[in-house]
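*Asks:* Letter by letter, the chains look like this.
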Amino acid sequence: MKSFEWTNAASLDEAIAQLGTGVMVKAGGVDLLDRLKEGLESPRRLVNLRGIGGLDNIRSSTGDDGDLVLGPLTTLAAIEAHAGVRKRFGALAEACAHAATPQIRNMATIGGNLVQRPRCWYFRSADFNCRKKGGEVCFALEGENQYHAIVANKVCAIVHPSSVSTALVAYGATVKLKGKAGERVVPLEQFFVLPDKDPRRENQLGADELITEVRLPAPAKGTGAAYHKQTEKESFDWPLADVAVVLELDGRTCKRASIILGAAAPVPWRAKSSEAILGGRAVDEHAAEAAANAAVQGATPLAKNAYKLPIVRAIVRRTILAAAGGAA
Amino acid sequence: MSEDDETRGITRRSFLTGTGITVAAAGILKTTEALAESVKGGAAVGPGAVPVSLKVNGSVHQLSLEPSTTLADALRFSIGLTGTKVVCDRGSCSACTVHLDGTPVCSCMTLAVDVGARAVTTIEGLARGDKLTPIQEQFIANDAMQCGFCTPGMVMSCAALLARNNKPSLDEVKTAVSGNLCRCGTYPKVFAAAMAASGQKLPRGSDVVTHAAELHFESKAERPADEPPPWPVNSKLKIVGKSHPRLDGRLKVTGKARYTADVRLPGMLFARRVVSPHPHARVKSIDLSAAERLPGVKAVMIVGRGEGAKLRNPPKVADKFPLVLYAGQAVAAVAATSQSIADEAARLVKVEYERLPFVVELDDARRDGAPLVYPGAVDMGGSAGGGGAQKGLAQKGNVRGPSKRDKGDVDAGLKAAELSVDGEFKTQVQTHSALETHGVVADWREDGLTVYASSQGTTSVRDEFATVFDLPKSKVRIITEFMGGGFGAKFGAGSFGILAAQLSKKAGAPVRLMLDRKEEHLCVGNRPSTVQTVKIGAKKDGSLTGIVVTSWGNSGIATGGGVGWMGTSLYACDNTRSEQYDVFTHTGAAAAFRAPGQPQGAFALEQLMDELAEKIGMDPLALRDKLDAGPGVPGPGGNDEATRAARKAERQIGAERFGWSKRRPAGADGGPKKRGIGMAQSMWGRFVDLDASCEVRLHRDGSIEIMSSVQDIGTGTRTALAMVVAEELGVRVEDVAVKIGDTQYPAGPSSGGSKTLLGITAPARVAAWRIKEQLYKAVGEQARSMPLKKAAAKMTTEHLSAQASRSPDYGGDPHGGYGGVQFAEVVVDVETGVVKVERMVAVHDCGRVLNPLAVQSQINGGILHGISYALYEERHMDRATGRMVNANLDQYKIAGAKETPEIEVVLIDQYIGRNATDIHGIGEPANIPTAAAIANAVYNAIGVRVRELPMNPPALLAALGKVNRVKEAKR
Ligand SMILES: Cc1cc2nc3c(=O)[nH]c(=O)nc-3n(C[C@H](O)[C@H](O)[C@H](O)COP(=O)(O)OP(=O)(O)OC[C@H]3O[C@@H](n4cnc5c(N)ncnc54)[C@H](O)[C@@H]3O)c2cc1C
Ligand code: FES
Ligand code: FES
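Listed in order, the protein sequences are those of chains A and B. Going by the numbering used here, the first residue of the first sequence is number 1, and it counts up by one from there. Going by the numbering used here, the first residue of the second sequence is number 1, and it counts up by one from there.
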């Protein structure tokens, strides 16, 4: 790691004021330190957010049943352990509980998790100057792409590294962004951007912006949700595929479905045709299977990752059924 | 949930605003304000050293650190608390776990400046003085450690769990350590320790079953007159045969065990190598000037020696620099006053390469016209130990061999067959991934070279240093106090070790050169990938008429990528042919790895045996009973009469304990999750190392020492030697001081091939026996009936000393071998392709069982290596650039706590009376059959054969016909 200047921000505004070329913010530091150690980046200054008070809380906007509001420094461990989250946003608690290792979950913040850079092994190695770093090629397209994207993978085949965001997007989360020019609220789904336009970025965070809040709307009555992360190992592992399903149900009938695939695309990927199939239908084995099959229709797997298709089908089907079974 | 429902942060803020609390710090009093200084907002500090105070284990340390210093490095190098280990340096192994205000975190991913007022607890801070915490005590009692390198992290994870949950469930324990990697496979015992520390027992399957059978093959051969008569059976002995916790357990659970990575010498410099990112290249120029100018840099050098195999007709080299033969080969090296300066200096070295054509995959390298690794024939025996690869073999392109073994007339045998089974099997590259990387601290001085080495053979390492530097052996000393795993890759000085010694000589100071995790994957060995075709001809009654094994192994720039000798020699067959080829690629040298070649061979052979059994309608065990019988084959290969008798007993005992009779036809389960069981056998030789010597001393005060250069790599050698000597002398194990891991003592065997205890325990007993005889001679025969201490008091000299070396097995060869039979139960999810091993029963022999607890640990370790190999591990090479892309510990996937099945270890006693102790090793046999047993269980579950490793979702789903995998040369 190259040496840098270090400052502890006393407030978010103070941190934002410092943002600029060569300056990076540090939350839990898990992702940042990995990149610095590999020599992918060498900031002149690190602005530490971790010491700022009041940004690591979990609350309900009103009473016990309002929107879920997460401070940007809330750790994945705190979210996983929070009784209210477990009760009302079970798929999010599951996603947090299955991300990384217990130690990392104690350090990793939700803000950092959403802004972490991809885990593509070409991107993570200083030996490869890939498109994400301004180079000419995506090495994964013709190379080792076992863990890469199966959709939207023509320009750069990364999968988004945040498995937590799979659940957040399914719940319709928004993020509040604050910059020098002020605040804006963006649906998380739109926060993430595909590589087509600019392969060097994964989101639309402005150069002088920070995430100041993550908010999940209160689930409608009769909402059932489930999350599943399919890995090779059950001890910590990156997902081969993960999925979050949030169903608004009226009895067995699905009024609205939100189905998000993780580790399938460069962004959390909405399985629109699957959602359409479930809409207005009773959720049973048949419907779940039809929706699951639709989830990977039109996928464009690479040479070594076609095996992901049957996995996605299986976990989408199972997770739809689990969500329907667990409706409150 | 309410508006101000806070989860964290209160402690810190009240700490920041609070006043008046004082903490005692090594006699100095500090206020909390001083502590909080480093987290205060506002002013920017650095780059360059800044003041940081850390409260560690109750003491405050005022340090001066670069802001980029991690907490792990601050603890280890600035404070000297080296119990915290750094393994991956990236958050993916949890070896570096410390508590911050009681919460376990990775200290490698925490900056020291960011700790602030939070209290740091390290492994050194758990115990209260001499009083260990219950979890530490239980780690020792349950032998929840082998090499011990992961142990501090494991203990810290468990301690944090127990602090917040005093009766955790087994699942909660597994989750708590799910981020902790252990390469030795101690997980089952970690679970047992955590449960015991909370007053609970594991539900089942943690106790080792001993004495399941007793087999006697008393040798009629004469023993030498200066060796004692054989011991009686274990039940008549006091210490041998009974479980004993390891003597160094306390050092390991308190973080005090000192590994090479922990060694700090006055004036010690830190080194880093400059490695080539290209797999095949000519170095055009190297510019060291920028590195040399960097303050703190003390020595910079260009690597003068090439790597790779010796050529029969070496070309006259015109090149100024050695040729680069794989990505990761060092071209230069630097030594500086800190690791970060050394790293920076290494980046400043400018190297100009001329890139040359290369090939990294086995199939590619076999093709005509593939870029050549070597311009001519290679002239060396097998360095990776995978069987075959003698000197003088033919070579065409990158393919060298075959190394041939022929018996009978195989063509006629196959013609005479009534039926046959055959198949092509593929296995992947597995890197050793010991948690302590390869490395040394080399101290070159006028009067000799001292090297602290993470090594599994102090003597072999010394000999290599002596040869390379043309020094007398008497002037080279190797010290391996503790070492964090080797598994076959740490027998030599290593090109890195040579570099460190050269840097030390140049700088006139000790130099520490520990490889980083990436280099560890790339440069210091691996189990070669293989492709093998095996054909077995048989009669309808199951008798074999012919076996042909043909294999190709990716041995990188080395030799020895064979598939062992099991295929043609485990089962009775008169006509066999084995032809094994090495294939060179531009990748790091293959190296011996826990039973080199055998797991690959077993994976093919044992699957085909099951296929044959199915074809002729026989139970797989019955077929093995038929073919693995009779007088056997004398010789060291592992198939004499005693070994066959052992396996027979093991099959029977295992079948009963496992519930083999409940085995169902293949693919019997409906639904997506299918359960299956399978078994496979092991075969390994008893290799006797005659270079195994030790000295026992008895002092006048009755205290006893045993000394040998033999090292303890986590197998428990230290404890084993104390047990043997204590048994012979009639004292307590704790009364024997064991001094090992240092070449200033008599030369001991290396730790490999399951030959350490087989080599060293016999001379240990003989030396102890000789001491007694000397004592009785010195103080009179009446002493025979006295306690040792009383007799020793009468000695006229301060101490008596006796040396002994391993004598050849009584009666000379044959040596025979090890059996071992393993049973596996798996669940296969046919929709996701995920295989989970739920249960293993492992029945093994290792001669006279010395310490069941330690043997169980070794067997657990072998099985976990096997599971990890069978299902998860794989080296991914980018074919376009020739680089390994997953040279880390999150994408190179190693089995963790949740991949650990319930393992039942069953031991039989075997007395063959061929040396003074009859004690054998066990490291290898436990690893050989695991992947094969799992493969057979997978078949039983799904009715489809998986003929490639790892059996991961891509492989399973392809075998099930659920994906059309693009057919492509994968390895
Ligand atoms: C072994 C291992 C396994 C893992 N497995 C998983 C997994 O399964 N699923 C998963 O989702 N993740 C996984 N991770 C990733 C981990 O969760 C992230 O690295 C972590 O969440 C990052 O959070 P942080 O607070 O440490 O971020 P930091 O490292 O501090 O920051 C990450 C990036 O975000 C920026 N940033 C931080 N906070 C803000 C903010 N408030 N506003 C704007 N920008 C900000 C930083 O500048 C930086 O660029 C794994 C990590 C490891 C090491
Ligand atoms: S060394 Fe810190 S997690 Fe591996
Ligand atoms: S004991 Fe765990 S790595 Fe060796």
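Just so you know, these hints were derived from the structure itself, not from any lab. All of these numbers come straight from a predicted model, not from anything done at the bench. Where is the CB? At the ideal position from N, CA and C, for every residue including glycine. Any given hint could be a false lead.
[What the hints assert, rightly or not] Residues of chain A clear of chain B, computed beta-carbon distances all greater than 12 Å: (1) 5; (2) 29; (3) 32; (4) 107; (5) 182; (6) 200; (7) 217; (8) 222.
[Stated by the list, open to error] Dumping the calculated DSS-like pairs for lysine-lysine here, alpha-carbon to alpha-carbon at most 30 Å: (9) 2(A) <-> 415(B); (10) 404(B) <-> 540(B); (11) 2(A) <-> 535(B); (12) 304(A) <-> 673(B); (13) 648(B) <-> 37(A); (14) 535(B) <-> 415(B); (15) 2(A) <-> 673(B); (16) 739(B) <-> 673(B); (17) 673(B) <-> 272(A); (18) 37(A) <-> 55(B); (19) 133(A) <-> 350(B); (20) 37(A) <-> 284(B); (21) 2(A) <-> 794(B); (22) 167(B) <-> 87(A); (23) 2(A) <-> 87(A); (24) 2(A) <-> 284(B).
*Asks:* Hint by hint, say whether it matches the structure.
*Replies:* Hints and how they fare:
1. 5: violated (5 Å)
2. 29: With a cut-off of 12 Å, residue 29(A) comes too close to chain B, as the shortest Cβ separation is near 6 Å.
3. 32: Given a closest Cβ separation of 9 Å, the condition is violated.
4. 107: violated (5 Å)
5. 182: holds (23 Å)
6. 200: holds (20 Å)
7. 217: holds (15 Å)
8. 222: holds (20 Å)
9. 2(A) <-> 415(B): Violated. Residue 2(A) to residue 415(B) sits at ~69 Å, over the 30 Å cutoff.
10. 404(B) <-> 540(B): Status holds; Cα separation ~29 Å.
11. 2(A) <-> 535(B): Given that 30 Å is the threshold and the Cα spacing comes to 57 Å, the pair is violated.
12. 304(A) <-> 673(B): Between residue 304(A) and residue 673(B) the Cα gap is close to 24 Å, so the pair holds against 30 Å.
13. 648(B) <-> 37(A): violated (54 Å)
14. 535(B) <-> 415(B): Holds, because 12 Å separates the two Cα atoms, which is no more than 30 Å.
15. 2(A) <-> 673(B): With a Cα-Cα distance of about 50 Å, the restraint between residue 2(A) and residue 673(B) is violated, given a limit of 30 Å.
16. 739(B) <-> 673(B): Status violated; Cα separation ~53 Å.
17. 673(B) <-> 272(A): holds (29 Å)
18. 37(A) <-> 55(B): holds (25 Å)
19. 133(A) <-> 350(B): holds (22 Å)
20. 37(A) <-> 284(B): Answer holds: residue 37(A) to residue 284(B) is near 28 Å, not above 30 Å.
21. 2(A) <-> 794(B): It is violated: about 66 Å lies between the C-alpha atoms, which goes past 30 Å.
22. 167(B) <-> 87(A): Holds. Residue 167(B) to residue 87(A) sits at ~24 Å (cutoff 30 Å).
23. 2(A) <-> 87(A): violated (44 Å)
24. 2(A) <-> 284(B): Roughly 28 Å separates the two Cα atoms, so the pair holds.
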